[in-house]
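With the hints as constraints, model all of the structure from the sequences given.
Same order as they appear, the protein sequences are chains D and F.
Reminder that position 44 of the first sequence reads as 44 in the numbering used here, one-by-one numbering, no gaps.
Position in the second sequence (from 1) plus 112 gives the number in the numbering used here.
Because the hints were derived from the structure by calculation, they are not lab data.
For glycine and all other residues, C-beta sits at the position ideal for the given N, C-alpha and C.
Possibly wrong hints are sitting among the right ones.
Here are the computed lysine-lysine pairs in the DSS-like style, where the Cα-Cα straight-line distance is at most 27 Å [unchecked claim]:
| # | chain 1 | residue 1 | chain 2 | residue 2 |
| --- | --- | --- | --- | --- |
| 1 | F | K154 | D | K68 |
| 2 | F | K169 | F | K195 |
| 3 | D | K104 | F | K169 |
| 4 | D | K5 | F | K169 |
| 5 | F | K154 | D | K5 |
| 6 | F | K154 | D | K56 |
| 7 | F | K195 | D | K71 |
| 8 | D | K68 | D | K56 |
| 9 | D | K56 | D | K104 |
| 10 | F | K190 | D | K5 |
| 11 | D | K5 | D | K54 |
| 12 | D | K104 | F | K195 |
| 13 | D | K68 | D | K104 |
Among chain F residues calculated to face chain D with C-beta under 7 Å, some are [what the hints assert, rightly or not]:
| # | residue |
| --- | --- |
| 14 | Y143 |
| 15 | K154 |
| 16 | V155 |
| 17 | S160 |
| 18 | F173 |
| 19 | F177 |
| 20 | T212 |
| 21 | F215 |
| 22 | G216 |
| 23 | P217 |
| 24 | G218 |
Computed list of chain F residues with no C-beta within reach of chain D, every gap over 10 Å [unchecked claim]:
| # | residue |
| --- | --- |
| 25 | V116 |
| 26 | P120 |
| 27 | V124 |
| 28 | Q126 |
| 29 | M127 |
| 30 | E165 |
| 31 | D175 |
| 32 | Q176 |
| 33 | S178 |
| 34 | I191 |
| 35 | S199 |
| 36 | Q213 |
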Amino acid sequence: DQQVKQNSPSLSVQEGRISILNCDYTNSMFDYFLWYKKYPAEGPTFLISISSIKDKNEDGRFTVFLNKSAKHLSLHIVPSQPGDSAVYFCAFSMNRDDKIIFGKGTRLHILP
Amino acid sequence: EPEVTQTPSHQVTQMGQEVILRCVPISNHLYFYWYRQILGQKVEFLVSFYNNEISEKSEIFDDQFSVERPDGSNFTLKIRSTKLEDSAMYFCASSQTGDTQYFGPGTRLTVL
Chain D
1 DQQVKQNSPS LSVQEGRISI LNCDYTNSMF DYFLWYKKYP AEGPTFLISI
51 SSIKDKNEDG RFTVFLNKSA KHLSLHIVPS QPGDSAVYFC AFSMNRDDKI
101 IFGKGTRLHI LP
Chain F
113 EPEVTQTPSH QVTQMGQEVI LRCVPISNHL YFYWYRQILG QKVEFLVSFY
163 NNEISEKSEI FDDQFSVERP DGSNFTLKIR STKLEDSAMY FCASSQTGDT
213 QYFGPGTRLT VL
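Take a look at the structure:
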């Protein structure tokens, strides 16, 4: 299943700087785009979402950008904090109640 | 803050045995899901459940799998005859209508 690609398995960012996580998708039927965060031994935790009618959604330190023409989703975290160290999954669904299709995840390390 | 809970946190079983994984979704949620993550792989959708019936299931969810909402609070996943390849983290999730899916902490299933 190659509908969702997170090409960076890991990313290291200095504390206080911006973290940028990227994701590409192929299915133009996706209507709802999400980011989840996961700590070890825990389930995925919802972070932020965006619907296909928008190109940006902001929630505190987290901003999600959607480029539909490029089929590209990104998550910006600024400023990055130590507690942001986790695995980040981009995820997609056809609508809000539908199954979620996850990317493989990017492990983010925030360096002191 | 309400959360999805799952029991047990870790289940070890012999191949061919039946297992039941339990979940208590968030109390006012109406949609229920099971996902799994095999070690090193993506989180994969198994099944969604709404209004006391399966609304969608994946290819993974074959005749060996079943789900049930036996009372007003629990949501269970049963695997009738476990196989080695069923070893994975199993996540339950729930959502209100048109809302985000919230995940439980997962049950680690080990099939020997």
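Item to complete: Would you pick out the hints that fail for this structure and give their numbers low to high?
Response: 7, 10, 18, 19, 25, 36
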